[in-house]
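With the hints as your guide, set chain B onto chain A.
Protein chains: 2
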Amino acid sequence: MTQDKYQFTPTAANHVALSPVSFIKRTALMYPDHDALIYGTRRYSWGEVYTRCRRLASALGKHGIGRGDTVAILAANTPEMIEAHFAVPMSGAVLNTINTRLDSETIRYILEHGEAKVFIVDGALAPNARDALAALDHDILVIDILDEQGDQPPSALGDTDYEAFVQAGDPNADWQMPNSELDAISLNYTSGTSGRPKGVVSTHRGAYLTATGVISDWGLPRHPKYLYTVPLFHCNGWCHAWAMAALAGTMICTRAITPAGIFAAIDQYKISHFGGAPIILGMLLNAPEKVKFDHKIEVMTAGAPPPAAVLQGIEDLGFNVTQVYGLTETFGHTVMSSWNSNWDALEPNQKSSLKARQGAAMVHADGVRVLDDLGEDVPADGVSMGQIFLRGNSIMAGYLKNPDATADAFANGWFASGDLAVMHENGYIEVKDRLKDIIISGGENISSVEIEGVLHRHAAVAFAAVVAKPDEKWGEVPCAFIELKENKSADAEEIITFCRRHLAGFKRPKHIVFGELPKTATGKIQKYELRKRV
Amino acid sequence: MTQDKYQFTPTAANHVALSPVSFIKRTALMYPDHDALIYGTRRYSWGEVYTRCRRLASALGKHGIGRGDTVAILAANTPEMIEAHFAVPMSGAVLNTINTRLDSETIRYILEHGEAKVFIVDGALAPNARDALAALDHDILVIDILDEQGDQPPSALGDTDYEAFVQAGDPNADWQMPNSELDAISLNYTSGTSGRPKGVVSTHRGAYLTATGVISDWGLPRHPKYLYTVPLFHCNGWCHAWAMAALAGTMICTRAITPAGIFAAIDQYKISHFGGAPIILGMLLNAPEKVKFDHKIEVMTAGAPPPAAVLQGIEDLGFNVTQVYGLTETFGHTVMSSWNSNWDALEPNQKSSLKARQGAAMVHADGVRVLDDLGEDVPADGVSMGQIFLRGNSIMAGYLKNPDATADAFANGWFASGDLAVMHENGYIEVKDRLKDIIISGGENISSVEIEGVLHRHAAVAFAAVVAKPDEKWGEVPCAFIELKENKSADAEEIITFCRRHLAGFKRPKHIVFGELPKTATGKIQKYELRKRV
Numbered sequence: 001m002t003q004d005k006y007q008f009t010p011t012a013a014n015h016v017a018l019s020p021v022s023f024i025k026r027t028a029l030m031y032p033d034h035d036a037l038i039y040g041t042r043r044y045s046w047g048e049v050y051t052r053c054r055r056l057a058s059a060l061g062k063h064g065i066g067r068g069d070t071v072a073i074l075a076a077n078t079p080e081m082i083e084a085h086f087a088v089p090m091s092g093a094v095l096n097t098i099n100t101r102l103d104s105e106t107i108r109y110i111l112e113h114g115e116a117k118v119f120i121v122d123g124a125l126a127p128n129a130r131d132a133l134a135a136l137d138h139d140i141l142v143i144d145i146l147d148e149q150g151d152q153p154p155s156a157l158g159d160t161d162y163e164a165f166v167q168a169g170d171p172n173a174d175w176q177m178p179n180s181e182l183d184a185i186s187l188n189y190t191s192g193t194s195g196r197p198k199g200v201v202s203t204h205r206g207a208y209l210t211a212t213g214v215i216s217d218w219g220l221p222r223h224p225k226y227l228y229t230v231p232l233f234h235c236n237g238w239c240h241a242w243a244m245a246a247l248a249g250t251m252i253c254t255r256a257i258t259p260a261g262i263f264a265a266i267d268q269y270k271i272s273h274f275g276g277a278p279i280i281l282g283m284l285l286n287a288p289e290k291v292k293f294d295h296k297i298e299v300m301t302a303g304a305p306p307p308a309a310v311l312q313g314i315e316d317l318g319f320n321v322t323q324v325y326g327l328t329e330t331f332g333h334t335v336m337s338s339w340n341s342n343w344d345a346l347e348p349n350q351k352s353s354l355k356a357r358q359g360a361a362m363v364h365a366d367g368v369r370v371l372d373d374l375g376e377d378v379p380a381d382g383v384s385m386g387q388i389f390l391r392g393n394s395i396m397a398g399y400l401k402n403p404d405a406t407a408d409a410f411a412n413g414w415f416a417s418g419d420l421a422v423m424h425e426n427g428y429i430e431v432k433d434r435l436k437d438i439i440i441s442g443g444e445n446i447s448s449v450e451i452e453g454v455l456h457r458h459a460a461v462a463f464a465a466v467v468a469k470p471d472e473k474w475g476e477v478p479c480a481f482i483e484l485k486e487n488k489s490a491d492a493e494e495i496i497t498f499c500r501r502h503l504a505g506f507k508r509p510k511h512i513v514f515g516e517l518p519k520t521a522t523g524k525i526q527k528y529e530l531r532k533r534v
Numbered sequence: 001m002t003q004d005k006y007q008f009t010p011t012a013a014n015h016v017a018l019s020p021v022s023f024i025k026r027t028a029l030m031y032p033d034h035d036a037l038i039y040g041t042r043r044y045s046w047g048e049v050y051t052r053c054r055r056l057a058s059a060l061g062k063h064g065i066g067r068g069d070t071v072a073i074l075a076a077n078t079p080e081m082i083e084a085h086f087a088v089p090m091s092g093a094v095l096n097t098i099n100t101r102l103d104s105e106t107i108r109y110i111l112e113h114g115e116a117k118v119f120i121v122d123g124a125l126a127p128n129a130r131d132a133l134a135a136l137d138h139d140i141l142v143i144d145i146l147d148e149q150g151d152q153p154p155s156a157l158g159d160t161d162y163e164a165f166v167q168a169g170d171p172n173a174d175w176q177m178p179n180s181e182l183d184a185i186s187l188n189y190t191s192g193t194s195g196r197p198k199g200v201v202s203t204h205r206g207a208y209l210t211a212t213g214v215i216s217d218w219g220l221p222r223h224p225k226y227l228y229t230v231p232l233f234h235c236n237g238w239c240h241a242w243a244m245a246a247l248a249g250t251m252i253c254t255r256a257i258t259p260a261g262i263f264a265a266i267d268q269y270k271i272s273h274f275g276g277a278p279i280i281l282g283m284l285l286n287a288p289e290k291v292k293f294d295h296k297i298e299v300m301t302a303g304a305p306p307p308a309a310v311l312q313g314i315e316d317l318g319f320n321v322t323q324v325y326g327l328t329e330t331f332g333h334t335v336m337s338s339w340n341s342n343w344d345a346l347e348p349n350q351k352s353s354l355k356a357r358q359g360a361a362m363v364h365a366d367g368v369r370v371l372d373d374l375g376e377d378v379p380a381d382g383v384s385m386g387q388i389f390l391r392g393n394s395i396m397a398g399y400l401k402n403p404d405a406t407a408d409a410f411a412n413g414w415f416a417s418g419d420l421a422v423m424h425e426n427g428y429i430e431v432k433d434r435l436k437d438i439i440i441s442g443g444e445n446i447s448s449v450e451i452e453g454v455l456h457r458h459a460a461v462a463f464a465a466v467v468a469k470p471d472e473k474w475g476e477v478p479c480a481f482i483e484l485k486e487n488k489s490a491d492a493e494e495i496i497t498f499c500r501r502h503l504a505g506f507k508r509p510k511h512i513v514f515g516e517l518p519k520t521a522t523g524k525i526q527k528y529e530l531r532k533r534v
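As given, the protein sequences belong to chains A and B, one line each in that order.
Using UniProt numbering, the first residue of the first sequence is number 1, and each one after it goes up by one.
Using UniProt numbering, the first residue of the second sequence is number 1, and each one after it goes up by one.
Quick caveat, the hints were computed from the structure, so don't treat them as lab data.
Source: prediction; values computed, not measured.
Keep in mind that the hints are not guaranteed to be accurate.
Because identical chains share one entry, a pair is satisfied inside a single copy or across any pair of copies.
Stated by the list, open to error - Derived DSS-like pairs: lysine-lysine, alpha-carbon spacing no greater than 25 Å straight-line:
#1 401 to 5
#2 296 to 270
#3 270 to 532
#4 270 to 292
#5 485 to 524
#6 62 to 5
#7 524 to 473
#8 296 to 351
#9 473 to 532
#10 519 to 485
#11 296 to 225
#12 473 to 507
#13 473 to 296
The following block holds chain A by itself, in its conformation from the complex (with noise of 0.2 Å):
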C-alpha cells in the first residue's frame, strides 16, 4: 500500500495547455461557413477567419516574430482587432492592444516599455501613431490597416498594408500552441492616472478560462449573435472573441458606437447579447430615436454602477442588464451580479438597485473579498466598506517589468484592487469608490458614487460625476458636474433641493458645475480631468 499510487506523470495525451486559440481551429473545422465577424459591408466566415489568422501568423513568423516577442496594435473594433486575438497568440508573441484614446508621448512609452516588435496602426489614428513612432527608440515593423469604412480616408505610415501582409502568410503553415497555459498572451497597459501605466501580463489560461466562465455564468448559448461594442484594446474586450470562437458566434463590430448604430444593429442582425459601458446605456435610454424590442437583447455593462433609473428605463426597451466589475488586471469580468430568481417578485427599484450591485465572483474567479485596513474581511452587512480583495486564474501574471508593483499588487495573496465596496450577505459586493475617489468631508468617508446614483435620478440630469473639492472648514467636500439632457433644465438650487430629499446632509453636494462631461473611450467619465477643474 502506497500513498503515492495516485501520482502520475502527465503526458501528451492528457495535458495540454489552456488556451483560446483551441477554440477558433475546432470551430472553424465545425462551422467553416458560419458568420465569425460582420464590419460594415465586411462579412466573414469561421473557416475565412482561421485562414486569414493562420496567413497573419505565418506572415508573423516569417519576419521574426516569436514567442516572447510583443505585437502592438492600434485599432477600433475591426476585423483585423479580431484576427489580431488570434494570430498573435497563433505566432507564439504577445498581443499589446493600445487605447485609442491615448496621447502620442503614452504610446510612444507603451511601445518602448513593450519592446514591441510590431505596430499594427489603424489608419483613422495614424497621427497620433505617428507623432508616438517619430520618437520611438528602437526598429518597429510599422502595418497598416487601411480600412475604407471609416469617417475619413485613412492613411499609410508605415512599412506594408494589413491585407498585403495577411497575404504574403502561409494559410497551411503549422502554428503553435503555447509552451505553457501560464504563457502570456496579452501585455494591457493600465489608464495610468497616476503617473506611468502599468503593463498588465494576462496568461493563455487566464484567457481560456475567462472565455469559458463569461460561457457559464452569463449563460452564453451557442451560437449568439454577439455585438462588440466593447472596445477590443479594454481587456481584451472582456476576452468576448475568445469567447465567440468557442460558441461559434457571430461578432458585429462597428468602428462608430451610437444609438442610432446601436438600435439599428439589433435590428438587423437580431443581436442577442452586447456589452457597453453604463454611459451607453443612458445614451440609448436617452436617444430620439430609441427602439422597442420583441426579443430580449442581453446586455453586460461594467465599468461603473449604472443609475437605477437607467437599469429601470433600459429594460423596458427589450433588454435585460447583467452588471460585471473587473481590472485590467484581472482580464475584465472576474465578478458578476447573476440575477436570483427569488427576486423575481420584487419592486422594479427594488430589482434595479440590486441590479446595481457588482455581485459574486464568477466561476472562473477563485473568490472576491472585502478586507478593513486590518487585512480583516468586513461584515457582509451591506454598510460596512472595505478594499476588494481577488483572486483566480485570470489575475494577470504580473506587471511587465515592474517587480515591486506586482509584489505590491499580490501583497496578502490576492490581488488587491485599489477599489472600496461592501458586502452583502449573499456574497454579492457593491463598489461604492475607487479608493483615491472617496470624499473625507469632516472626518466623514462620503461615497461619490451614492451621490452619483441619487444625481442621476433627477428627471434632467443625463450624467452626473462627483468628486472632491479642498474646503477650508471640511477638509474635503463633494463637487458635483452635471451634464444635462437634452430640451431638459435645472439649476443649482433645484438640484440641491432633490439631494436634501435623498442624501444625509453631510453627503449633499456643496457646489453644482453644469456642462458636458469628459469622457473615455470606453465612456467612462474622466474623473481626473474634473479634479483639474475643482
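Below, chain B without anything else, positioned relative to chain A:
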C-alpha cells in the same frame, strides 16, 4: 531587452487549482435556497447540500480519511451519491464509484485493488456487497445508505448509517482544495470484458474542464432542470453533477429508470435536459404511455449509435437528441455531435444519419483522430475506417497501479480508444465498431453497427445486436440477435429479406436468433453474453 520579460512566478493570487468542488462553494453562497436535488419525497437546496457535504467531508476526516485515500461507493443515483461527488474530494480523498450490477467477486477485487478505506453501500445492494466484504483482505469502514424509497426495505451491513455519519461531521470545518489540479478526484473501473477491470484515475482538472466543456458545447443555460438518468457510477455521471453545481441547476434523481417515471418527471419538474443510453430512448418511444411535450427537452445520448428510426421518432415527442462519445478513460463525453444549422433543411432521414454521428472533439478535448494500422490519419471521407485516438485534459491520468497498460494506452502521445470509426469531412467521427466487434468475413471487415442500424429500421424490431459467429467457409459470419416489439412479429426469413434490400450480400446476417437481449445497468447490450451463445 530580454526574452524572459514575460516570465513570472505564479502566486496564490493568480494560480488556483481547477477543481469542480469550487463550484458548490460558490453556488451555495449565491443560491442557498435554490433546489439542488430532488429525489422522491426528499428535496435539498444548494445550501443544504453544501452543508451536508461539509459535514460528510469533516466526518471522513475524523475517521482519518484524507489525501490519497480511496472512498468507494456502491449506490444508485440517490442524494448520497451526489453528495459523495463533492464531499469525498473535499476531504482530499478519491471517489471510487462502483457499477451496481457487478458481481460480488468483482466488487471485492475493486475494493482491494483500489485499497478503499471506506465503503458506502446502498442498502438495496447489500447482498452483493456483503459477499464482497466477507472475502475482503483488509479493514474497511462500511457506511450504510438506508434509503426508504427503494422497492424493498434496505439492509444494513456495516458500522454506521450514512445519516448518522453525516450528522457527526462539523458543517463549519474547513475543507481543502486539492494541492494540485492534477490530483486524482475519482477512480472508475472499466467494464473488464477482457480480464480484470482496470482502475481509471481522473483528475480535478479533468473534472473542471469537462464540466465547463459540456456547459459550453451543449449550450447549457443557467439553472437547468436535469433528470439524472445517467448512472453516477458511470464516468461520474459524465461530470454532470459538477456542471449542475456550476450552473446552480436542479438534479432530479430516481432509483428506477422506467418510461413512465421519465415521462412523469419531465412533466412534473419541467425537465429541460437529461442524458441516457440509446436504449432508454428506444424504451420511451415504444412505451404505451408515451407523452408528447410542448417544451423542448434536450437529451444527450451515448454508448452506441442510436438507430435513425429511434432518433426520428423521439424527436417528434419534443426531444432534441445530441449524440456524444467517450469512454471511462476520457471521463465520459469528449466528442459531441453538435448540430449545424446548415443541416436544418435536410430530409428527416438525412438529419437522423447526421445525428447518429458521434461528432467532433468537444471544446475541452484537444482533438480526435482516426488512425490506420500504420498510425496515419485515415482520409476524412466517411468511408475509411481506423481506430479512434483522443487527446485532452479530460483523459485519465492513467490506470491505477498498472504502468504497462497506461504506457500502452498512451503509446503514440494520444489515447487509444479501441473503437473503430470513420472520419467525415467536417471533423465528425462516426463509430463503426469496437475493435473486437468487427466481423471479418471472407477477408472483408463488416461493421456489426451497420447491420444493427438496418435491423432497427424494421418495424417489428425493438433491439438488435450482431456478433461474429465462427464459420468454416468464411471464417466469421454475422449472427443477429433480435428482440421484437410487443405485439409485433417477424420471422428469420422476413428479416433476411429485409436485409437483402439494405445490405451488401457479405454483410447480411446468416443467422437470426429471436428473444430478449441481455443488457447492462446502463442499457448497453451485453455482446459478450451473445458471443458466448454463438
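Status of each hint after checking the structure:
With identical chains, the CA atoms of residue 401 and residue 5 are at most 25 Å apart between copies only, with a shortest distance of 6 Å across copies and 42 Å within one. In this assembly of identical chains, residue 296 and residue 270 lie within 25 Å of each other by CA distance both inside one copy and across copies; the values are 10 Å within and 22 Å between. In this assembly of identical chains, the alpha carbons of residue 270 and residue 532 never lie at most 25 Å apart, being 43 Å within a copy and 59 Å across copies at closest. Taking identical chains as interchangeable, the C-alpha atoms of residue 270 and residue 292 lie at most 25 Å apart only when both belong to the same chain, with a minimum of 13 Å there against 31 Å between chains.
In the homo-oligomer, the alpha carbons of residue 485 and residue 524 lie at most 25 Å apart inside one protomer (18 Å), although the nearest pairing across protomers, at 68 Å, exceeds that limit. For a Cα distance limit of 25 Å, the shortest separation of residue 62 from residue 5 across copies, 23 Å, qualifies, whereas the shortest one inside one copy, 47 Å, does not. When the C-alpha separation of residue 524 and residue 473 is checked against a cutoff of 25 Å, the pair qualifies neither within a copy, at 31 Å, nor between copies, at 82 Å. Proximity of residue 296 and residue 351 under a CA criterion of 25 Å is satisfied intra-copy only: 18 Å inside one chain copy versus 30 Å between copies.
Taking the shortest Cα distances, residue 473 and residue 532 sit within 25 Å of each other inside one copy (20 Å), while across copies they are farther apart (97 Å). Taking the shortest alpha-carbon separations for residue 519 and residue 485, only the intra-copy value of 16 Å comes in at or below 25 Å, while the best inter-copy value is 72 Å. Taking identical chains as interchangeable, the C-alpha atoms of residue 296 and residue 225 lie at most 25 Å apart whether they share a chain (12 Å) or sit on different chains (22 Å). For a Cα distance limit of 25 Å, the shortest separation of residue 473 from residue 507 inside one copy, 15 Å, qualifies, whereas the shortest one across copies, 97 Å, does not.
Within a single copy, residue 473 and residue 296 get their C-alpha atoms no closer than 51 Å, and across copies no closer than 67 Å, so neither meets the 25 Å cut-off.
Hint check: violations occur at hints 3, 7 and 13; the rest are consistent with the structure.
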